Amino acid sequence: MESKLALSEKRIERARELAKRIVSPVQDFIAEHTTVTVERATLRLAGADGADVDGVPVPNLIVDQLKSKLENGAVTYYVNALLKTGESVDGLNRKIAEGMKIADLPLGDKMAIDRKAQELVRSFSVRVKRNRAHREAKLKQFEGRNTSPLLYVIVATGNIHEDVKQAQAAAGQGADVIAVIRTTAQSLLDYVPYGATIEGFGGTYATQENFRIMRAALDEVVEREQRYIYLTNYASGLCMPEIAAMGALERLDMMLNDSMYGILFRDINMYRTFVDQKFSRMINAFAGVIINTGEDNYLTTSDAVEKAYTVLASQFLNERFAFEAGLPAKLMGLGHAFEMNPTLKNGFLFELAQAQMAREIFPEAPLKYMPPTKFMTGDIFKGQVQDALFNFVSKVTNQGIHLLGMLTEAIHTPFMMDRSIALENAKYVFNNIEDLAGEIEFKKDGLIVRRAQQVLEETVAFMETVDKVGLMPAIEQGQFADIKRPRDMGKGLDGLVKKGPEYYNPFESYLKNELGLEG
Amino acid sequence: MESKLALSEKRIERARELAKRIVSPVQDFIAEHTTVTVERATLRLAGADGADVDGVPVPNLIVDQLKSKLENGAVTYYVNALLKTGESVDGLNRKIAEGMKIADLPLGDKMAIDRKAQELVRSFSVRVKRNRAHREAKLKQFEGRNTSPLLYVIVATGNIHEDVKQAQAAAGQGADVIAVIRTTAQSLLDYVPYGATIEGFGGTYATQENFRIMRAALDEVVEREQRYIYLTNYASGLCMPEIAAMGALERLDMMLNDSMYGILFRDINMYRTFVDQKFSRMINAFAGVIINTGEDNYLTTSDAVEKAYTVLASQFLNERFAFEAGLPAKLMGLGHAFEMNPTLKNGFLFELAQAQMAREIFPEAPLKYMPPTKFMTGDIFKGQVQDALFNFVSKVTNQGIHLLGMLTEAIHTPFMMDRSIALENAKYVFNNIEDLAGEIEFKKDGLIVRRAQQVLEETVAFMETVDKVGLMPAIEQGQFADIKRPRDMGKGLDGLVKKGPEYYNPFESYLKNELGLEG
Amino acid sequence: MIIRPYGDTLDDGAVQLSFTLPVPDGPKGREAARLFVEKLGFKHTEITHSHALAEGFSFYVAYGKTETSIDFDTVRIKEATGDKVYSMDEACEVIKEKIGRKVVVVGACTGFDAHTVGIDAIMNMKGYNHHYGLERYSEIEAYNLGAQVPNEKLIDYAVKVKADAILISQIVTQKDVHIQNLVEFIELLQAKGLREKFIVCVGGSRIGNQLAVELGYDGGFGKGTYADHVATFIVDRVIEQKVAR
Amino acid sequence: MIIRPYGDTLDDGAVQLSFTLPVPDGPKGREAARLFVEKLGFKHTEITHSHALAEGFSFYVAYGKTETSIDFDTVRIKEATGDKVYSMDEACEVIKEKIGRKVVVVGACTGFDAHTVGIDAIMNMKGYNHHYGLERYSEIEAYNLGAQVPNEKLIDYAVKVKADAILISQIVTQKDVHIQNLVEFIELLQAKGLREKFIVCVGGSRIGNQLAVELGYDGGFGKGTYADHVATFIVDRVIEQKVAR
Ligand code: B12
Ligand code: B12
Ligand SMILES: Cc1ncc(COP(=O)(O)O)c(C=O)c1O
Ligand SMILES: Cc1ncc(COP(=O)(O)O)c(C=O)c1O
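Protein chains in written order, with this note's numbering: chain A, 1 to 519; chain B, 1001 to 1519; chain C, 2001 to 2245; chain D, 3001 to 3245.
Just chain A, with the same shape it has in the complex (with noise of 0.2 Å):
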C-alpha cells in the first residue's frame, strides 16, 4: 500500500520505541503477579465449570477456598483433587459445586500432578486447536464471502434466545460480525455467572453457555449464507481472562480486550488489569481471536479533534501490550472512531486523515472503526448520514472491523429493523465505492494531509511525557483521558497476588512456549 500521507517513517519508529519502553517495566510487574481472575481462567482452561446452588461458579469456589495458597497457582490444588478423589474434571467440578472442599486435601506427588495436569493442557489444547482449524477451515470455504470492511452489529435484548433470532437475522441481512453485548456493569463482577441467562439490561450475561447457544445459532447461519460469521464478546473487565478462556473453548472469533481500558473507564486497579490483559491475550492469541481495543472510549468523554491524540498513543501501548502477549498484529483490531461534532467545518476531512493515518501507521491489524455515537440524536434521519458519511470514510481508508451505526442510537439499542436499516446503508455505499481507495490521492501538503502528520506529532510528544514519568505514575496523573487513577485504588485490587517460589500454571507455560514469548 502506498502512503497516501506520507508520514514519517521515522517518527513513527520512534512511537513503538517508545511504546516498547513503556510497557517494559509494566511487563516485568506482570511477569511477578497472578489475580484471582488470571486462576479462575487457568482452571477453566483446565475443566473447572459449573456453580452451587447460590450460582456461584466452581472456579470462583475452588480460588475462595485457595486464600493465601493462591500464591501457587490453582492448578496444583484441582489436579491434586482430581488425582486425589480419582474423579472425572465433571465429576470434581459437581463435589465442589455441592461444597467439597478442595484446598486441603493432602498435597500428592508433584510429577503425578504435573503429568495429570499436561494431560488436560493437551486436552484444552486438542480443543482449541480445532475451534482455530475449524474457523480457518470455514474462513477459506467460505473466501471471499465476507464484506471488506468486515460488518458488525451488536445485539443487546438482554435475553440469550431473543438474542439467537436478532442475531440470525442480522447475520441473514449480511452481517459478518455478531457482538453480544453485556449487560450493564457486569464489567464490574469478579466472577462469571453460569448458565443460559434471559434477564439484563443493555446487554446479555457473558455466559459459557450463552457463547454455546450463540455460536451454534451462528454456525447454522453460516452454512446457509455459505459465509463465515464472527462472534464477538467482551474479555474485560474483572473477568478479563476468564472471558477469554470461555471464548476459547466455545469458538468466539473476537473479543473486546483493552490493556487500559478496565482501568481508567471502569475504574478497575490498574496492577490487576495489567497482569489480567497479559493473560486473556495470550489465551486470545492461542485460539486465533482478534482482540477489539477501546480506544473509541476516550472519545466518548473528550473531543476527538483535541484528543485525537491519545487515540493514536493508545493504539502504540495496546499494541505493544499485545506484541508481549504473543498476539500476532493481524489478530489486532485496534480501536478508534469517527466521533467529531458533525457541525465541524471539514470534519470529513479529519476523519478522513485520522481513519486513513492509522490504516498506514497500522498497515496489517484489521483496525476496528466505531461509528459516531455521542453526537447521534433523536433525529434519526440525519443520523442516517452521519452514518453513511462514517461508512464511506471506512470503506475508502481500508478499515478492518467495520462497527455498524445504527440511526437511533440516541434512542435505544437496536431493533431489528434498525439493524438492517444500518445494513443497507453500509452495504450500499460499500459497494457503490468500492474501488475508490485506489483511485484518490491527497493534496501534498493539504489540509487532509497535515491533519495527520499533526497528530503523530502530537502523539509522539505526549507518548515522550509518558516515558519519562513512566506509565503507572502517569495514569495516576490523569494524562489519560483526563481521568487519575491512583495505583492503589479501584476495583479489584484484592484480587491481585504476588507468585509465591513454588507457582505452578502448566497452561501459562504452555501458552509461552506456543506463543514463542519468553520465560
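Hints listed in this document are in silico derivations from the structure and should not be mistaken for laboratory results. Misleading hints may appear alongside valid ones.
What the hints assert, rightly or not - Below 27 Å or equal to it, Euclidean Cα-Cα: the simulated DSSO-like pairs (lysine-lysine) are:
(1) Lys2153(C) - Lys1491(B)
(2) Lys3039(D) - Lys2223(C)
(3) Lys1444(B) - Lys444(A)
(4) Lys1345(B) - Lys2126(C)
(5) Lys1140(B) - Lys345(A)
(6) Lys2043(C) - Lys3175(D)
(7) Lys1374(B) - Lys3065(D)
(8) Lys3043(D) - Lys2065(C)
(9) Lys1374(B) - Lys2126(C)
(10) Lys2223(C) - Lys3065(D)
(11) Lys427(A) - Lys1427(B)
(12) Lys427(A) - Lys1345(B)
(13) Lys3065(D) - Lys2028(C)
(14) Lys3043(D) - Lys2084(C)
(15) Lys2028(C) - Lys3223(D)
(16) Lys3223(D) - Lys345(A)
(17) Lys491(A) - Lys3153(D)
To be verified - Pair by pair, the computed Cβ-Cβ distance ranges are:
(18) Lys3162(D) - Glu98(A): 35 to 43 Å
(19) Glu1002(B) - Glu3038(D): 52 to 60 Å
(20) Glu3038(D) - Asp1494(B): 48 to 56 Å
(21) Lys3175(D) - Ser24(A): 43 to 51 Å
(22) Met3125(D) - Glu2038(C): 36 to 44 Å
Every value quoted in this text rests on a predicted model; they were computed, and no experiment measured them. C-beta: ideal position from N, C-alpha, C; glycine also.
Given chain A, put chains B, C and D with the ligands in place with the hints provided.
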C-alpha cells in the same frame, strides 16, 4: 481550476466546433420564422395582459384575431390600436378582453407606430433592467450568504398560497432557490392562464400573478434571512417565450429552459421549439435569468451509464443554442443528473467522474445537478443515503445549482418536512466536506479518469454522426433519447409562422442589439 | 394469529413515526406531539427529536409502543393474479391452444399523465428487469399509444383494432387525480355500451387490485409488476369469457 | 385550536410510520401492515416499502392520513423551571441575598449506570455548551460522586455534607431499569425518614419533569438541560422552604 481528469482540450474543442456546425442551419431556419407564442411574448413585453371572461388571455385574443397578419408581427397591431383608441395599455387590454377587435383597425403611420413602440420597449427595458439591478444589488449586499452549490427545492402543492408557506419555510431552512413546479401538462397548453390559482396537480400553474405573489413572498424572506432567494419557473413547453417574458417582468431568477426538451419529451413540433427557444433565451439573457437545461430527462428513460454521452452532447448543443441567443456561460445552468442504478458496483466513481467532467468542460456554467429520482424507492431510509452520496458528489465537484433529493421522491411531491430533512442532509454533507474538492486528486489512468475520457469520446463520436445527418434528421431518426420526432408532426406546428417581408418586432431588435447579436 | 409490531421483543408493539404539526417548536409542541401519538393508541411514547420548520410549523420524530394488533389469519389479499403466473412462452402456448388466435392489447398512459416508463416496462419489446414486454409475445398483438392519451381516444383505438384488453397506466396520484381519470374512463366506456367488450386493467406504482376492482376495472397492478402478470391475467380472462359464451 | 399533522396542506393529517411485523414479507404481510396502520386511525394508508428482515420478520415503511387531532389549547406542560432561568451570576446573587449561605448539592449517576457525561455536564467546572457547571458557582458547594453510585451511598453522602439537594442522573432506560432504580431511591429515603430533608432532582436524556414528579421527585430534567436550569430550580425551592418554615 486544475484538471483532475486530464481531458483532451482538443476533443472538447472538437465537440464545440461540431455543436456550432450542427446548430448553424437551425439558426438560419429560426431567423426566418416566428410563432404564436413568440408574438404573444412580444405583446406581453409591450404590456398586453389580462384575460376575457372565459379566461382566454389578452395576448391570445390578439394573436387569434390576427390570423395571417401575424407574419407582420403582432406589435404593429397592438401599438396601432393604442394609437387609434388613445387608450393606455391597461385600457386597451381591458377593451380587448371585453371583445374589441384590433386586427381590422386601419393601420396608422408606420413612423408613429414605431415611435410609440419604442416607448413601450423603453418601459420594458427600464423595468427589466431595474429587476436585474435589484437582483444584482441584493446578491452583492448578501454576498457569501448563499450556499455553494445553491440549494434548490421545489414546491408543488397546486395552490399558490400553500406554495408560499412552503417556499418561505424552505427558504428559512436554508434553501437558496425555490422552484414552483408547474401543474401536470401545463407545458402543453398553448396559452398562459391568468391570475392567481389554487388548483393544480403535481404542481401549480405558472401565471404572472402567481409569479408576483411568490416573488413578493420570497423578497420578505430575503430581508429576514439576509440571503438572496432565487425564484425559478419553467420557460418550457408551448409557451416558452411568454413565460420567459413574464419571468423577466416579475424578476424570476432562473428558468427551466431547454432547446430540445419539448421536442423529445413533450412531443412539441421541432420547428416550433427551435424558434421559441431562441426568443425565450434572448429574453432570459437580457433579464439576467439563469437557464436550467433538461439533460436529466434523458436519464429517466435511458441508462445513465450507457447513455451518458447523450447528456454531454445535449449540453454542448444547449450551450451553442444559448450562445446564439446571447446568453453568457455564467447564465447557463446546464443539466445533468445522478441517476445510476444504486446496485452498480463503483457507481459512485462513475457519477463522480461524470460530474467532474461536466465541471471541467463547462467551467463557467452554474451547472444544474439533479438528484437520484428513478432509482429512489419507497424505502425512505435508503433514500436518505442515496441523497447523501449525491450531495457528496455535487459538493466535491463544485456544481452550481444543486437540486435537493427528497427521501420521499418515489412517494409524493415533497411534504414540508421532507424538504427540511433534505436540506439538513445537504447542509451537513456540504459543511462536513467543505474543502474536500481542493484536497483530492484522481489516480492517473484510474477508473474515474478513464470513465470521463470515455464519455467525452463517445460524445464526440455521436456528435460527428449528428453533424453528418443534420440535427433535424437526427431527431427524426430517433438519435436522441431513442425517440423519433418527424419534423412535420408534434404539437404546436400550426403556431409556426414564416416572417413576412414586413415583419416588425422592435422588442426583438432591441434585444438583439443589447445582446450584441447580429441581424 | 394475533400480531403486533416488533421492536426487539415479541409483541412490544414498537413503531417509529414522524410528522409535522402546525405549531411552533418547543416544550408545548413536543408535549402536543406526544399526546397526539398517545391518541393514536401508543403507550411509552417518546418524542426523540423536534425542530422548527417555519414560523408555526415544527417537525417531530417519535417512537411509541402500541397494543393495537391485528389478526393475521383474517388478512385477505386480492391480487389480480394468483400463484400461477405464465412465462412468456407458456402464455403464448396457452393462447395457441385455448384461444386459437392472437390476443389484442392496447395500452396507454392516460389523461395528463406522461409517465410512460411503467407502461413501457409492460409493453415494450425490451421489457423490464429481464422480463420481456407484451410486444415480444408472438401470440399477442400489442399497441402502446404512449403518453397523455385522452380516454376517448384510447377507447376509439381499442374499438378500431378490436382489442381484447385495454391497459391503462396512472402514475400521478396527487389529489387523487388518477381516481377521477379512471372513473371517467369507465363511465365513458359504459356510456358507449362497451364495458363488456374489453378486459380493462390499470397499473401504476400506487395502484392495487383492490382499488382497481372498486373503480370498476377487471384488474389492477402495482409496483413490481411484469408483463408476465398482466398477460396471465388477460389470457385467463379471455379463456373464461370464451367458456362463458 | 384543534391541530392535526401537516404534510403539505393544512389538516391533511399526514404521518410517516415504520415498523416490523413478525410475519414474512409479501403481499399478505403488506396488506396486514396496511390494515394495522388503518387500525391506528389512518385513512389513505400506503405501504411504500417492505423488505424481509428474517424468516418470519418483515419491515414496513408507511404513510397515512389521519383525522385524529388534539386541542392544542388544552396541552399543559409542566417543566421544572418556568420562563425565568437564572444565569450563573444571577443565581449566585440570589443565593447571597435571599439564602445567605452556600447551597450544597450532591450529584451522582446511580445504580449500574455509568453514563457520567450528563451529570458532568451539569456539575463539572467546564459545563456544557458554554454553560458552566455547578462547581463553578461561587455560592454552591457541589459534590459529584461519579458513576455507578449505589443509592444507599449517595444518601449517606448527602447526609454527611448536609446537602440541600441531591441530583441523580439516569441514562440507561432499557426495560425501565431507571424507574426501578429511581423508585428504590425514594423508598430508601422515605424509609430513613429523610425525604423532606432534600430537594431531589433527576435528569437524563429520557427523563421529563412529569415522570420525575410521578415518581416522587421534586423535579426532572431532560435533553438540553444546563446547570442554569437545575440551579434555578434548587435556589427557588430552597428559598420557598425557608419562607415556609
Ligand atoms: C421518471 C419520472 C418522470 C419523468 C417521466 C418520463 C417518462 N417518459 O415516463 C418526467 C421527468 C417526465 C416526469 C415528470 C413529472 N413527474 Co415524475 N417521476 C418520475 C420518477 C422519478 C420515476 C417513475 C418511473 O419511471 N418509475 C419506474 C417505472 C418502471 O415504475 P412504475 O411507473 O411504477 O411502473 C411499474 C408498475 O407501477 C407497473 N405499472 C405501471 N403502469 C402500469 C400499467 C399497467 C397496465 C400494468 C399492468 C402495470 C403498470 O408496472 C411497472 C413495472 O413494474 C417518479 C419518482 C419515482 N422514483 O417513482 C416521479 C413521479 C412519479 N413524478 C411525479 C410528478 C409530480 C411529476 C410531474 C407532474 C412534476 C411536474 N409538475 O412537472 C411531471 C409531470 C409529468 C406528467 N405530465 O405526467 C411524482 C408523482 C407524485 C404523485 N404521487 O402524484 C413522482 C412520484 C415524483 C415526486 N415525488 O414528486 N417524471
Ligand atoms: C457516551 C456513551 C457511553 C459511554 C459513557 C461514558 C461516560 N463516562 O459517560 C460508554 C461507552 C461507557 C457507554 C457505555 C454503555 N452504554 Co452508552 N451511550 C453513550 C452515548 C453515545 C452518549 C451519551 C452522552 O454522553 N450524551 C451526552 C450527554 C451530555 O447527554 P445526556 O446524558 O442526555 O445529559 C444531558 C441531559 O440528559 C441532562 N442530564 C443528564 N443527567 C442529568 C442529571 C441531572 C440532575 C440533571 C439536572 C440533568 C441531567 O443534562 C445533560 C446535558 O444537557 C449514548 C447514545 C447517545 N448518543 O445518546 C449511549 C447510550 C446512552 N448507551 C447505552 C447503553 C445501552 C450502554 C451500555 C449499557 C452498553 C453495554 N451493554 O455495554 C454501556 C453500559 C454503561 C453503563 N454501565 O451504564 C444506550 C442506552 C439505551 C437505553 N435507552 O437504555 C444508549 C442510548 C446507546 C444505544 N442506543 O444503545 N455509553
Ligand atoms: C475494551 C472494552 N471493554 C468493555 C466495554 C464495554 O463496557 P463494559 O465495561 O460495561 O462491559 C467496552 C465498550 O466500549 C470496551 O471498549
Ligand atoms: C426543460 C424542462 N422543461 C420542463 C420540465 C417540466 O415538465 P413539463 O414539461 O411537464 O412542464 C422539465 C422537467 O424536468 C424540464 O427539464
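Outcome of the hint check:
no., hint, result
1, Lys2153(C) - Lys1491(B), "16 Å, holds"
2, Lys3039(D) - Lys2223(C), "24 Å, holds"
3, Lys1444(B) - Lys444(A), "16 Å, holds"
4, Lys1345(B) - Lys2126(C), "23 Å, holds"
5, Lys1140(B) - Lys345(A), "24 Å, holds"
6, Lys2043(C) - Lys3175(D), "14 Å, holds"
7, Lys1374(B) - Lys3065(D), "25 Å, holds"
8, Lys3043(D) - Lys2065(C), "20 Å, holds"
9, Lys1374(B) - Lys2126(C), "18 Å, holds"
10, Lys2223(C) - Lys3065(D), "21 Å, holds"
11, Lys427(A) - Lys1427(B), "24 Å, holds"
12, Lys427(A) - Lys1345(B), "11 Å, holds"
13, Lys3065(D) - Lys2028(C), "23 Å, holds"
14, Lys3043(D) - Lys2084(C), "32 Å, violated"
15, Lys2028(C) - Lys3223(D), "15 Å, holds"
16, Lys3223(D) - Lys345(A), "25 Å, holds"
17, Lys491(A) - Lys3153(D), "16 Å, holds"
18, Lys3162(D) - Glu98(A): 35 to 43 Å, "51 Å, violated"
19, Glu1002(B) - Glu3038(D): 52 to 60 Å, "59 Å, holds"
20, Glu3038(D) - Asp1494(B): 48 to 56 Å, "51 Å, holds"
21, Lys3175(D) - Ser24(A): 43 to 51 Å, "46 Å, holds"
22, Met3125(D) - Glu2038(C): 36 to 44 Å, "40 Å, holds"
Of the hints listed earlier, those the structure fails to meet are numbers 14, 18, in rising order.
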